[in-house]
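Model the full structure from these sequences, guided by the hints.
2 protein chains.
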Amino acid sequence: MNAGSVFPDNIQKALRNNPPGEWIPEIPKDCIRLHCGYPAPALVPDEEVKAAVKSLLEEEHDLPLLYIGSPKILKLKEQIITRLKERGISVAEEELLITSGASQAIDLIARILLDEEAIVAIESPTYMEALEIFQNYTSHIISIPVDKQGLQTDVLEEILKERKQKGLTLPRLLYTIPTFQNPTGTTMTEERRQHVLMLADRYNFLIVEDDAYGELSFNKRLAMLKEMDQSSRVLHVGSLSKIVAPGMRIGWMAGTSQIIHACAWFKKDLNHPFAQAAMSVYLTKTDFNKKLVTLRDTYRSKCAVLISALEKYLPESASWYVPEGGYFVWMKVPGADTSKMLTQSLAEGVSYIPGKYFFMDQADGTEFLRLSFSYAGEKEITEGIRRLGRVVGAYL
Amino acid sequence: MNAGSVFPDNIQKALRNNPPGEWIPEIPKDCIRLHCGYPAPALVPDEEVKAAVKSLLEEEHDLPLLYIGSPKILKLKEQIITRLKERGISVAEEELLITSGASQAIDLIARILLDEEAIVAIESPTYMEALEIFQNYTSHIISIPVDKQGLQTDVLEEILKERKQKGLTLPRLLYTIPTFQNPTGTTMTEERRQHVLMLADRYNFLIVEDDAYGELSFNKRLAMLKEMDQSSRVLHVGSLSKIVAPGMRIGWMAGTSQIIHACAWFKKDLNHPFAQAAMSVYLTKTDFNKKLVTLRDTYRSKCAVLISALEKYLPESASWYVPEGGYFVWMKVPGADTSKMLTQSLAEGVSYIPGKYFFMDQADGTEFLRLSFSYAGEKEITEGIRRLGRVVGAYL
Numbered sequence: 008m009n010a011g012s013v014f015p016d017n018i019q020k021a022l023r024n025n026p027p028g029e030w031i032p033e034i035p036k037d038c039i040r041l042h043c044g045y046p047a048p049a050l051v052p053d054e055e056v057k058a059a060v061k062s063l064l065e066e067e068h069d070l071p072l073l074y075i076g077s078p079k080i081l082k083l084k085e086q087i088i089t090r091l092k093e094r095g096i097s098v099a100e101e102e103l104l105i106t107s108g109a110s111q112a113i114d115l116i117a118r119i120l121l122d123e124e125a126i127v128a129i130e131s132p133t134y135m136e137a138l139e140i141f142q143n144y145t146s147h148i149i150s151i152p153v154d155k156q157g158l159q160t161d162v163l164e165e166i167l168k169e170r171k172q173k174g175l176t177l178p179r180l181l182y183t184i185p186t187f188q189n190p191t192g193t194t195m196t197e198e199r200r201q202h203v204l205m206l207a208d209r210y211n212f213l214i215v216e217d218d219a220y221g222e223l224s225f226n227k228r229l230a231m232l233k234e235m236d237q238s239s240r241v242l243h244v245g246s247l248s249k250i251v252a253p254g255m256r257i258g259w260m261a262g263t264s265q266i267i268h269a270c271a272w273f274k275k276d277l278n279h280p281f282a283q284a285a286m287s288v289y290l291t292k293t294d295f296n297k298k299l300v301t302l303r304d305t306y307r308s309k310c311a312v313l314i315s316a317l318e319k320y321l322p323e324s325a326s327w328y329v330p331e332g333g334y335f336v337w338m339k340v341p342g343a344d345t346s347k348m349l350t351q352s353l354a355e356g357v358s359y360i361p362g363k364y365f366f367m368d369q370a371d372g373t374e375f376l377r378l379s380f381s382y383a384g385e386k387e388i389t390e391g392i393r394r395l396g397r398v399v400g401a402y403l
Numbered sequence: 008m009n010a011g012s013v014f015p016d017n018i019q020k021a022l023r024n025n026p027p028g029e030w031i032p033e034i035p036k037d038c039i040r041l042h043c044g045y046p047a048p049a050l051v052p053d054e055e056v057k058a059a060v061k062s063l064l065e066e067e068h069d070l071p072l073l074y075i076g077s078p079k080i081l082k083l084k085e086q087i088i089t090r091l092k093e094r095g096i097s098v099a100e101e102e103l104l105i106t107s108g109a110s111q112a113i114d115l116i117a118r119i120l121l122d123e124e125a126i127v128a129i130e131s132p133t134y135m136e137a138l139e140i141f142q143n144y145t146s147h148i149i150s151i152p153v154d155k156q157g158l159q160t161d162v163l164e165e166i167l168k169e170r171k172q173k174g175l176t177l178p179r180l181l182y183t184i185p186t187f188q189n190p191t192g193t194t195m196t197e198e199r200r201q202h203v204l205m206l207a208d209r210y211n212f213l214i215v216e217d218d219a220y221g222e223l224s225f226n227k228r229l230a231m232l233k234e235m236d237q238s239s240r241v242l243h244v245g246s247l248s249k250i251v252a253p254g255m256r257i258g259w260m261a262g263t264s265q266i267i268h269a270c271a272w273f274k275k276d277l278n279h280p281f282a283q284a285a286m287s288v289y290l291t292k293t294d295f296n297k298k299l300v301t302l303r304d305t306y307r308s309k310c311a312v313l314i315s316a317l318e319k320y321l322p323e324s325a326s327w328y329v330p331e332g333g334y335f336v337w338m339k340v341p342g343a344d345t346s347k348m349l350t351q352s353l354a355e356g357v358s359y360i361p362g363k364y365f366f367m368d369q370a371d372g373t374e375f376l377r378l379s380f381s382y383a384g385e386k387e388i389t390e391g392i393r394r395l396g397r398v399v400g401a402y403l
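The listed protein sequences derive, respectively, from chains A and B. Last residue of the first sequence: 403 in our numbering, with the numbers rising by one and none dropped. Last residue of the second sequence: 403 in our numbering, with the numbers rising by one and none dropped.
Any given hint could be a false lead.
[Stated by the list, open to error] Straight-line C-alpha distance at most 35 Å; calculated DSBU-like pairs for lysine-lysine: (1) A/LYS298 x B/LYS82; (2) B/LYS292 x A/LYS84; (3) B/LYS298 x A/LYS57; (4) B/LYS275 x B/LYS84; (5) B/LYS57 x A/LYS275; (6) B/LYS297 x B/LYS386; (7) B/LYS82 x A/LYS82; (8) A/LYS57 x A/LYS84; (9) A/LYS298 x A/LYS275; (10) B/LYS84 x A/LYS61; (11) B/LYS339 x B/LYS20.
[Said to hold, decoys possible] Label-pair distances were calculated between CB atoms; the ranges are: (12) A/THR89 x B/GLU198: 53 to 61 Å; (13) A/PRO48 x B/ASP368: 49 to 57 Å; (14) A/GLU33 x B/THR301: 38 to 46 Å; (15) B/THR196 x A/LEU175: 55 to 63 Å; (16) A/ASP16 x B/GLY95: 35 to 43 Å; (17) B/LYS36 x A/MET205: 44 to 52 Å; (18) B/LEU177 x A/ASP16: 12 to 20 Å; (19) A/ASN17 x B/LYS36: 43 to 51 Å; (20) A/GLU65 x B/LYS227: 36 to 44 Å; (21) B/THR196 x A/GLN19: 34 to 42 Å; (22) B/GLU123 x A/MET205: 34 to 42 Å; (23) A/ASP368 x B/LYS36: 57 to 65 Å; (24) B/GLN369 x A/LYS297: 49 to 57 Å; (25) A/ASP371 x B/ASP368: 46 to 54 Å.
Since the hints were derived computationally from the structure, they do not count as laboratory data. Nothing here was measured: the structure is a model prediction, and the numbers come from that model. Backbone N, C-alpha and C define an ideal beta-carbon position, used for all residues, glycine too.
The following block contains the structure:
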């Protein structure tokens, strides 16, 4: 029996975008890892998580290992609501859903809002997991370019205006990472934030604000879209992956109770009591504001090391955005094919992610690559960029 | 803005089945809990999980707290494959997907195989979470009755034959819990197992075998459908929820590499490295065959206590199946409305789940209720059934 024949059309289509095993090459073990969006190993609180689990299980025994029962599940929700409030977003208990990372939140939003006819607007480039998720639901995806001031809202407005004039369907959803964007590291200006909210009202779409990196500002912070949102159009997605540990899989979304109820209904992996309760205890025992200072100081410093190495080792034709927070630097190597160049780069012992993976039309990413300063140590970063400079120099 | 208007039709339909907050009443704290399908608290290995997390984090530090990196993620997969092999099922690495419990596995299978036109056959009654999941994808659900020998495969055959004769669409999927079924506790006979596999071949459908309770046999064990499957029609779903701890959320599915690849592609919550690695260490440190003996002895004994209390305290008109494993006893109270009766039962201090929640057409469940012997202690079970006997006696 050919099981392929039992897949419905939309599933067959989604799978065609994804032949098994097609991905960036394996990274050699001794390679300097500038590709991965992992937190710095020294900032991952393994000792603290161990202590949290010990204290949790000694206090509650079987409760956090059952389906429900641990009061810490609700506590975690309260802790996240409190933190959002400190940051300027007020949500009630029924307006927040804990998810397994931001990616599950995005998937649930797509699940309840998109069908095959729906149109989604995304940033170009954007988070590759989100790109995969949206393509699983619809093939009608509109890419809006990002520049150093974030999403180009004037381009978005032009497209919306034109579609309206022509009587074409308008997007149901805009997905944006306004702050320290993945992969470009750029931040949407306040003016553009106001503009995009105005457009959402005028053209009647919802905005998914992916704020996975929002806490990691090196200097000043801007108001989040959800803070500025007057008409309940923003679904705010957050995560502890970048500021505590991705392996715990704790993320969330905040939106209207109607949207949250719908997402909760379609979330069929149930709660994750053990991970959630352990995270709650960890947060209770942690001075989070102090931790954030350490995180920001560390990543600010690592970013500065990367930028100064780029200035020193990269040929003049290469260019990049200087981020004000987050994990990433986006680089352009004019005339290069960064996918092919990766082979030499890995041979030299430094990794990155080729730009093509962040675009709907992969050809748009040929000259770009994403560097991450989050994971590697400062000396490694400098040495990695020195090697990359050699690769780029030889390649141009 | 009315966000409801942005839900596509199929989502609106699924949500109409589920008005917010409609569920069984809150269970008072001092109530004897015969409703919940939780493992016995004394069998939940909180000490061992604490030790596993300690040992894991001392050995691997940040690795299990990152996205990938811990070798224990792969190890867990190997451990599950090894256990399946001991039980008679051979699967390769690419034929197994670790999921967040059996429920996520069922949801992913529905996601890749069902569209709104698809027909699913289910047991009646069946696992309520599975019922909810299938209704999220299609409204074409065919209920096949279960008796004390499990799924009535002759009824299934009649329906298939008739649909074929009339030129109607045939089911794409049959969902069954052949062993120690939820909620009836019944087990499909070997003869019926062979019959259903033959029907799958003849009428070209896939079988989802939910084996969440399969390890918990009180006496002899039967071959699983996946063991008997000659034509790759069985997707085997399993879980550590009932034999280790549900709060860790470790389940799996085994099927063709094509199906597993598709499910993995649509699984967008990523791996759960911390929970998976901790579970792997727990399994390494545990003599699982010994643990299974304890589990089976405990539940066999608790089941016997429940059955003997039923014989002692329930009026003659009530009837039930005597299970040979698992967690549940299914009871019929002729003429009763078990939903209404629950109010009195909770007032008397004993809980159960009204039968209606396990049926597509809830009216079919009016006279039934599910009792669980897994969670409450033996004395509590006896006292709970004494109280239930009073409630049923007064109600009839």
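Quiz item: Of the hints stated earlier, which fail here?
Solution: none
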